[in-house]
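First to last, the sequence lines map onto chains L and F.
With my numbering as the guide, the letters of the first sequence map in order to residues 1 to 113.
With my numbering as the guide, the letters of the second sequence map in order to residues 1001 to 1111.
Rather than coming from a laboratory, the hints here were simulated on the basis of the structure.
Treat the hints with care, since some could be wrong.
[As the list claims (entries may be wrong)] Here are some chain F residues pointing at chain L (derived, C-beta under 10 Å):
(1) 1006
(2) 1008
(3) 1013
(4) 1017
(5) 1018
(6) 1027
(7) 1030
(8) 1036
(9) 1045
(10) 1049
(11) 1052
(12) 1095
(13) 1104
(14) 1108
Even glycine gets a Cβ: it sits at the ideal position worked out from N, Cα and C.
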Amino acid sequence: GAVVSQHPSWVICKSGTSVKIECRSLDFQATTMFWYRQFPKQSLMLMATSNEGSKATYEQGVEKDKFLINHASLTLSTLTVTSAHPEDSSFYICSVSSYNEQFFGPGTRLTVL
Amino acid sequence: GDSVTQMEGPVTLSEEAFLTINCTYTATGYPSLFWYVQYPGEGLQLLLKATKADDKGSNKGFEATYRKETTSFHLEKGSVQVSDSAVYFCALSRGNEKLTFGTGTRLTIIP
C-alpha cells in the first residue's frame, strides 16, 4: 500500500498565526488526498477532498477560507490553518486514495495557545 | 445521512480473552464496511473490510461479518494479545471514496 507522511507531527502556535501542515505520498502518485480532523474521544471528521491541480472540495460546515488546501503535485498536499484560534486545536490526519483504499498519515497534533 | 455507531470504550481485557467490538451503521443502499486500527503513534491502517452482505472480512485473527438485516459489522477475535492494544474504528463508504467513521474504541490488553 501507499506510504504517507505528515509534517510536522506536532506544532504549537500562538493565536492569530497561520500553520501549514504537509501531507506527502512517498511511493505513490496521488491524484486524490483527504484531510480529516479528529477531536479527543471523537471520530475522524472529513474536512475536504484534495484533488491535484484543482480546487479542493470542502465538506459542509468547513470554512474554506480558514482551512486552505493546496494539492500542487501528485505527492504533496498542504493544509494551512489561517489565523488559528484555540478552538482549532485538534489532530489533523491526511489520507491518500489508491485503488479504492485509503492509506493514512500518522497525523499532526495542533495546539493553539 | 450516513452514520456509524460503535461501542464506547475503553475496553480492557486480559490476554487470550475473547473480543467483540460492536458496530452498527445507518446508510442507504449497500455501503462497503471497514475496520481500521490505529496503533500508538501511528496512522490508521486498514484491518479488514467487506463489500457486500454476508461477506466476512478477516485479518490477523480478527473477523467481522457484514449483516444487512441487522446493519451490523461487529469485530471479533478469539484470543487477544497484548500487541492488539490499539484504537479500533468502524467505517463505511458508499463507493465515492469518502469514509464515515465511528468514534473509535480504545482496546487495552493486559498480560
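#### Entry: Index of numbered hints that the structure contradicts, given in increasing order
3, 4, 5, 6, 7, 11, 14
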